[in-house]
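Enquirer: Following the hints, position chain B against chain A.
This is what each chain is made of:
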Amino acid sequence: MEIKFTEENLKKLEEAKSHYPTNDAALMSALWLAQYQFGWLSNDVMKYVGDLLNIPYEHVLGVAEFYTMYNKKPVGKHHLQVCTNVSCMLCGGYDVVDYISNKLDIGVGETTPDGKFTLIEAECLGSCGTAPMMQINDYYEENLTKDKIDEILEKLSKS
Amino acid sequence: MSDFEPIILKKIPDYHNIEIYMKHGGYSSLKKALKMKPEEIIEEVKKSGLRGRGGACFPAGMKWSFMPQKTDKPKYLCCNGDESEPASFKDREIFEKNPHQFIEGTLIACWAMGIKTAYVYIRGEYYPWIVMLQKAIDDAYSKGFIGKNILGSGYSTDIYIHRGAGAYICGEETALLNSIEGKRGMPRFKPPFPANYGLWGCPTTINNIETLANIPPIIEKGGEWFSKIGEPKHPGSLLYGLSGHINKPGIYELPSGTLLTDLIYKYGGGVKDNKAIKMIIPGGSSMPPLRGDEIDGLRMDNEHLKSVNSYIGTGGIVVMNEDTDIVKVIKRITKFYYHESCGQCTPCREGCGWMLKILDRIDKGMGRPEDIDLLKDVANNIEGNTICAFGDAAAWPVKWAIKKFIADFEKKVSESVELPVTNKVHSLRLAVQE
Chain A
0 MEIKFTEENL
10 KKLEEAKSHY
20 PTNDAALMSA
30 LWLAQYQFGW
40 LSNDVMKYVG
50 DLLNIPYEHV
60 LGVAEFYTMY
70 NKKPVGKHHL
80 QVCTNVSCML
90 CGGYDVVDYI
100 SNKLDIGVGE
110 TTPDGKFTLI
120 EAECLGSCGT
130 APMMQINDYY
140 EENLTKDKID
150 EILEKLSKS
Chain B
0 MSDFEPIILK
10 KIPDYHNIEI
20 YMKHGGYSSL
30 KKALKMKPEE
40 IIEEVKKSGL
50 RGRGGACFPA
60 GMKWSFMPQK
70 TDKPKYLCCN
80 GDESEPASFK
90 DREIFEKNPH
100 QFIEGTLIAC
110 WAMGIKTAYV
120 YIRGEYYPWI
130 VMLQKAIDDA
140 YSKGFIGKNI
150 LGSGYSTDIY
160 IHRGAGAYIC
170 GEETALLNSI
180 EGKRGMPRFK
190 PPFPANYGLW
200 GCPTTINNIE
210 TLANIPPIIE
220 KGGEWFSKIG
230 EPKHPGSLLY
240 GLSGHINKPG
250 IYELPSGTLL
260 TDLIYKYGGG
270 VKDNKAIKMI
280 IPGGSSMPPL
290 RGDEIDGLRM
300 DNEHLKSVNS
310 YIGTGGIVVM
320 NEDTDIVKVI
330 KRITKFYYHE
340 SCGQCTPCRE
350 GCGWMLKILD
360 RIDKGMGRPE
370 DIDLLKDVAN
380 NIEGNTICAF
390 GDAAAWPVKW
400 AIKKFIADFE
410 KKVSESVELP
420 VTNKVHSLRL
430 AVQE
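These protein sequence lines map, in sequence, to chains A and B.
Note that numbering that gives the first Met the number 0 gives residue 145 to position 146 of the first sequence, counting from 1, and the numbers run on in steps of one.
Note that numbering that gives the first Met the number 0 gives residue 131 to position 132 of the second sequence, counting from 1, and the numbers run on in steps of one.
Pulled out of the complex, with its shape left as it was, chain A reads as follows (with noise of 0.2 angstroms):
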């Protein structure tokens, strides 16, 4: 597959760099939109990056590498992200990461044979009052029960 961005992506890469004095300042945009199109950022996707860019490659890397949103292994279509910090593991956030990993029958940091489901431990994302939750893709699932699980999981694995 050839690595290039739709025009629509490098549009919106061109009203990225707009907002910012050097190109440098873009790559965080950038690189959100190589993982919206390409699903994660494999090392020939961040040296296109760079080459857009105009930016080296190991600093591409570098970048990514220290931002956990950033995919530098192919994850499955629906990304479960659970929360493990204080205020979801005192309302159940391991218990709902157990449950998950049992349902899906695979580990933490594993994708399912379809490629369906990967799920991930997650730190604090912000939803401690709607404990406990995940984060699915870009969007969040809170106030998590058994039954709530079932119910996200079996409309996802139809999706």
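Hints are all accurate, no fakes.
Straight-line C-alpha distance at most 25 angstroms; calculated DSS-like pairs for lysine-lysine:
1. LYS182(B) <-> LYS16(A)
2. LYS305(B) <-> LYS265(B)
3. LYS330(B) <-> LYS274(B)
4. LYS247(B) <-> LYS147(A)
5. LYS182(B) <-> LYS72(A)
Keep in mind that the hints were calculated from the coordinates and are not lab data.
Expert: For chain B alone, kept in the frame of chain A given last:
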């Protein structure tokens, strides 16, 4: 409930909508501010006594006055919405329920400091809230509140959102600057301070979202009005966040200096299953924890919390009931700091890992009698020995939990040691000393 009239989280339906916001007097403070001289605005903010809401409680007016008035370089404002401190979830309420008051405050701040570009740094996870704020910014652009020649004043300002990508440290102001510049979010040495050498080496001010949201009412009603709300040394309302073992968790906007017991029992509906409280974190996970028996009569503002060796931080309160395993909680918090350390300073990078290892073996019943002292030693060597305050934030919970809950730690350690006495840790420690 409370008779307190909220300053930020107003109980008006659809207040996030620009039409509704304007119908209730929104953006009139901006109009008023544009007719004032910049130094008059800074004076008004100084008079209000408004302190930064990001945790350090630095006086906002004073911070603004540090910005050089005459400079050839562009000046920048960074609005800190990184909000990654565990137990903090207040800024997202502002993005969701009252984004325009924050935008208006940002514009007034820009006018007061002569700034033409403001960046709103929002953590990457808050994607839905980024969309909400972007919508509000777009609406404000279309009404002529942001952009070129604002309301015919001849003054122009742009506001851009910069999306983070999952790094707690980017809430530290100089790490945030590096992140906006497209670098790894590593804190910078201070001095030079951002007011002189910030974004791209230009004068920069960094303010918390909640701080900026307080500006429009201060301009509208005057600094003196604001200075009389709540505790005089830390005036205004605070967005307290309640979480953990509590019946009604959530964000409560109340005057500073509200009784902690009122927050928990009157507003928060009390502890789940009516249990007793064992530990409380008063302002986000970095703040030294309190024992359940320390909270009677304790007022929630920075001055009163200092008297019990803690700080208000971001106002995120975590309530833990009598059954809570303190070692497990502290271990989890330390795991967070271990994960989030940027790795720049050795004491923090290595120390957090060591603390986690020691806590893990104590928790698993494999602790050695000297481990508690070792833990304190490591924490003490992190605190104060790093570029930014992250080191302190990682050391405090460990250090103070040991101080306040020593029995819990000793119990776990002594379970793993076979000695024919009750207090094994104490006996062993004496034996070592002799």
